[in-house]
Amino acid sequence: MQSEKPKKNFFSFQLDPNLFAPADENEKSQQRMMRESVSFFKDAFRRLRRNKIAMLCLFVIVVIALIAFIVPNYYPYSYTKQDVTAKYLRPFEYSAREQARIDKGQNVFPHIMGTDALGRDYAIRVIYGTRISLLVGLLSAVIVIVIGIIYGSISGYFGGVVDLIMMRIVDIIYSLPDVLIVILLSVGIKERVSMSQNDLVVRLGAGMISIFIVFGLLYWCGMARQVRGQILSIKEQEFVLAAKAIGSSPFRIIRKHMIPNSISVIIITAAMQIPSAIFTESFLSFLGMGVSIPMPSLGSLASDARTGLVSYPYLLLFPALSIFLIVLSFNLLGNGLRDAFDPKLRS
Amino acid sequence: MSSRFAVYLAKRVGMAFLTIFLVIAITFFTMHAIPASPFSSEKAKNDKTIAALEAKYGFDKPVTVQFVNYLKNIAQFDFGLSTGWVGSTVAELIQGGFSYSAGIGLTAAILAIVMGVFMGSLAAIRRGEWLDKVIQVTTTALVSMPSFVIATLLLLIFGLYLKWLPTLGSMPGGTILPTFSLSLYPMAYITRLQRSSMLDVLGQDYIRTARAKGVKKGKIIFKHALKNALSPVVTYAGPMMAYILTGSMVVENIFSVPGLGRLFVNSMLRTDYMMIMGVTIFLGTLIILMNLISDIIYKILDPRINLR
Numbered sequence: 001m002q003s004e005k006p007k008k009n010f011f012s013f014q015l016d017p018n019l020f021a022p023a024d025e026n027e028k029s030q031q032r033m034m035r036e037s038v039s040f041f042k043d044a045f046r047r048l049r050r051n052k053i054a055m056l057c058l059f060v061i062v063v064i065a066l067i068a069f070i071v072p073n074y075y076p077y078s079y080t081k082q083d084v085t086a087k088y089l090r091p092f093e094y095s096a097r098e099q100a101r102i103d104k105g106q107n108v109f110p111h112i113m114g115t116d117a118l119g120r121d122y123a124i125r126v127i128y129g130t131r132i133s134l135l136v137g138l139l140s141a142v143i144v145i146v147i148g149i150i151y152g153s154i155s156g157y158f159g160g161v162v163d164l165i166m167m168r169i170v171d172i173i174y175s176l177p178d179v180l181i182v183i184l185l186s187v188g189i190k191e192r193v194s195m196s197q198n199d200l201v202v203r204l205g206a207g208m209i210s211i212f213i214v215f216g217l218l219y220w221c222g223m224a225r226q227v228r229g230q231i232l233s234i235k236e237q238e239f240v241l242a243a244k245a246i247g248s249s250p251f252r253i254i255r256k257h258m259i260p261n262s263i264s265v266i267i268i269t270a271a272m273q274i275p276s277a278i279f280t281e282s283f284l285s286f287l288g289m290g291v292s293i294p295m296p297s298l299g300s301l302a303s304d305a306r307t308g309l310v311s312y313p314y315l316l317l318f319p320a321l322s323i324f325l326i327v328l329s330f331n332l333l334g335n336g337l338r339d340a341f342d343p344k345l346r347s
Numbered sequence: 001m002s003s004r005f006a007v008y009l010a011k012r013v014g015m016a017f018l019t020i021f022l023v024i025a026i027t028f029f030t031m032h033a034i035p036a037s038p039f040s041s042e043k044a045k046n047d048k049t050i051a052a053l054e055a056k057y058g059f060d061k062p063v064t065v066q067f068v069n070y071l072k073n074i075a076q077f078d079f080g081l082s083t084g085w086v087g088s089t090v091a092e093l094i095q096g097g098f099s100y101s102a103g104i105g106l107t108a109a110i111l112a113i114v115m116g117v118f119m120g121s122l123a124a125i126r127r128g129e130w131l132d133k134v135i136q137v138t139t140t141a142l143v144s145m146p147s148f149v150i151a152t153l154l155l156l157i158f159g160l161y162l163k164w165l166p167t168l169g170s171m172p173g174g175t176i177l178p179t180f181s182l183s184l185y186p187m188a189y190i191t192r193l194q195r196s197s198m199l200d201v202l203g204q205d206y207i208r209t210a211r212a213k214g215v216k217k218g219k220i221i222f223k224h225a226l227k228n229a230l231s232p233v234v235t236y237a238g239p240m241m242a243y244i245l246t247g248s249m250v251v252e253n254i255f256s257v258p259g260l261g262r263l264f265v266n267s268m269l270r271t272d273y274m275m276i277m278g279v280t281i282f283l284g285t286l287i288i289l290m291n292l293i294s295d296i297i298y299k300i301l302d303p304r305i306n307l308r
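Sequence order for the protein chains is B and Y. Using my numbering, read the first sequence as starting at 1 and increasing by one per residue. Using my numbering, read the second sequence as starting at 1 and increasing by one per residue.
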């Protein structure tokens, strides 16, 4: 080892070998991580957890979902069973016959939300309506995510003429009036649905089926645009070039590199989609074009409550409150997710 | 107003017409895919009468010929004869209903824009104060309520309990409640839009410059901030019209307004196919045209926007 520093020559490229000596323990310790690295998801969820409103909304949604999917299995009343002696009972009121049974010492489950015009227990009907709303919201999110991601990533990845044509199609679909098309389709397929042999199809009704068809046809446009935009910017980055250089197929690049990198946009857009889907369903059910009777929906319950509104306002208030709570929770949770996953968008 | 703008304009208008054509095509072919004849639901008639009726309405020709004929008729605002309201044409019915709906819808839209911009700007200027918080909580609640919930609650509170306002659309002053029900949701939405875009603008450098120069606060807000913060609201004008037009179906039903929305719902109950087609195409065209107009105004107002 040369201990002496060579004579410094201004034009020489000679380097100081001391700079290349192995690091000692003290120097190494400076490089040690002070805490474990935080992945993108962990970071986002930590931010979400700190958002009290969003966590409360998540809690409300989970509670509502648990009630909607578990309670009907154990509930003593069914949503179809009519009881002419128990019409228009107020919450926690008993009909004369039920009162007689209580007097005899039997147990009668209270009508928590009263009963409707046909003597059906209202609580279970509201719970079923809530279930429909949640199902519509969830299914629409799934449809939108699947179609939107596939369409958007193909368009964004291949670019050029493919992108141009695909985005023009999206532009046109985007400007179609969605509610009108849902109504039109539900009128159009009503006849076929009522003739169908399939039990599920009949139970869902023309309205519901056309809602899902329209979600599949129209609602993914927003998602496709977002995903495309994200992929266009990711495409230019080095790791994609590296993946291409080692011969990865486009499908693999999209699946392994691009979609994981646009996951925040996907989550935010899907969360924003849910309330609007729930709105559309309740709107159609209110007009009598949603689920087929006797299956209740929050919209059709509110519509039925209009007869006798002054005397029995609770028939309106329970479904109205229910849908308000669901949509409000999803809206606020969506805002929370947006803040957590994309701090740049924060307003 | 360069040639690039002209190209954009031509493209955008072309797209709008293509979309309108698509709406017409979807409407027409969905209705013609229905297996039943539009006359099969009527009582007391034999096959011969049905055949005669179909010949009269031109339903015996091939579908493509019918489609071309239908397009030609629509171009002259002739949507055919109504089968649900015998003796009137669809165009007459649409005209009659639209005169009610247009009044309510336009008032609701203006109310929503004016109040929304006002409250949104107010909330942004008074950011963090109690007024801002009240406005934010109310608008968050309002955008989570479907139109039928808002309308029925208003009907219940102001019409039935307090008895301040008439509940039927045909009574004098009866359009107040439907107008309010239609405008509350877009009003809340615009308030939120305006608040965030105003906050964005108020944080810009040129506002600080204006303030440093000693420009009066009112002038800063009206001349510098408000003007620049308005463009997101303009883009919402199209979707707002769509909301108001479809929302009128619910609201007009609740308040018994004989407008286009109620007519549309009734035509579905009476399975009046010509009417359903006519109203869908009419409303669809209206929505698409509103989208077109708001897009163009947006581009004119804000030249920074990239013309594609």
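Be aware that one or more of the hints could be misleading.
Derived DSSO-like pairs (lysine-lysine); straight-line CA-CA distance at most 30 Å [claimed, not checked]:
(1) Y:219 / Y:133
(2) Y:11 / B:235
(3) B:28 / B:42
(4) B:42 / B:244
(5) B:28 / B:52
(6) Y:163 / B:87
(7) Y:48 / Y:11
(8) B:235 / Y:163
(9) Y:299 / Y:227
(10) Y:163 / Y:219
(11) B:52 / Y:219
(12) B:235 / B:87
Keep in mind the hints are simulated off the structure, nothing from the lab. Predicted model only: the values in this text are computed from it and were never measured.
Verification of the hints:
1. Y:219 / Y:133: holds (25 Å)
2. Y:11 / B:235: With a Cα-Cα distance of about 28 Å, the restraint between residue 11 of chain Y and residue 235 of chain B holds, given a limit of 30 Å.
3. B:28 / B:42: Given pair residue 28 of chain B, residue 42 of chain B holds - Cα atoms ~28 Å apart, limit 30 Å.
4. B:42 / B:244: holds (29 Å)
5. B:28 / B:52: Answer violated: residue 28 of chain B to residue 52 of chain B is near 41 Å, above 30 Å.
6. Y:163 / B:87: Roughly 28 Å between the alpha carbons, so the hint for residue 163 of chain Y and residue 87 of chain B holds.
7. Y:48 / Y:11: violated (50 Å)
8. B:235 / Y:163: Status violated; Cα separation ~62 Å.
9. Y:299 / Y:227: Answer holds: residue 299 of chain Y to residue 227 of chain Y is near 14 Å, not above 30 Å.
10. Y:163 / Y:219: Not satisfied, since the Cα-Cα distance of roughly 43 Å exceeds 30 Å.
11. B:52 / Y:219: violated (39 Å)
12. B:235 / B:87: violated (64 Å)
Hint compliance for this structure: hints 5, 7, 8, 10, 11, 12 are broken, all remaining hints hold.
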